[in-house]
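Asks: Whenever a hint applies, use it, and build me the whole structure from the sequences.
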Amino acid sequence: MITLEIPIKPYLKKYLTKKYGEVHHVKKNSLLGGIIIDILDKQYRKQSIDVDRKSCYKVSVPATIVKEVGFDISFLKLKKLAEKIYTIFYNDLETYIKLSIENDLKFHNEKHDSINKQNRLKAIAQFLDFYDITEEELKLDSVYRTIDRRLKSDK
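Start counting the sequence shown at 556; every next residue gets the next number (our numbering).
Think of the hints as simulated: they come from the structure by calculation, not from any bench.
Among the hints, erroneous ones may be present.
[As the list claims (entries may be wrong)] Cut-off 27 Å, straight-line C-alpha distance, at most; resulting in silico cross-link-like pairs (DSSO-like, lysine-lysine):
#1 Lys-677 with Lys-568
#2 Lys-639 with Lys-694
#3 Lys-694 with Lys-677
#4 Lys-672 with Lys-694
Source: prediction; values computed, not measured.
Replies: Shown next as C-alpha cells:
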C-alpha cells in the first residue's frame, strides 16, 4: 500500500476529511477512488514540488491497484484532481440546497425568535458549518455568488 498526498485548499481538505476520514482508502467503487485510479500511472517522477503539507489530503492506494494500475500521479493531473474535488464539493452543496429547500425545511431565527423557511443562504451556511469550514477559509457571500452563477449556467 502506498500513500499519496493531494494538494488542495484547506476547506476542501476539511470537506474530504469529514466525508472520507483522515485518509481515504482508494476503492474502485468510491467516487474519489475511481477518479484517482483513472489518473494513476506507473511512471516514476522525481519531482521537487513545494506544497503545504497542512493542506494535503492523503489517500492510500492498495497494493493490488498499485500493481495493476500504478503508483504515481503527475503534478498536472494532481491539479486537475483538485479541480474535480472542487466540482464535487459544489455539486454536493447544490444537492443539499435543492433538497433542503424542496423539502420545506425550516430553521429557528434566533434574532427574531421565529421559525423561517429554508433559503439558499441559510442552506449554504448549514453546509459549511457541517464540514467545519470557517468564514476565513471560505466566505459565505463568495460561495453564494458561485452557486448563483452555477445555477444560472445550468438553465
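Asks: Output the numbers, in ascending order, of every earlier hint that fails for this structure.
Replies: No hint contradicted; all consistent.
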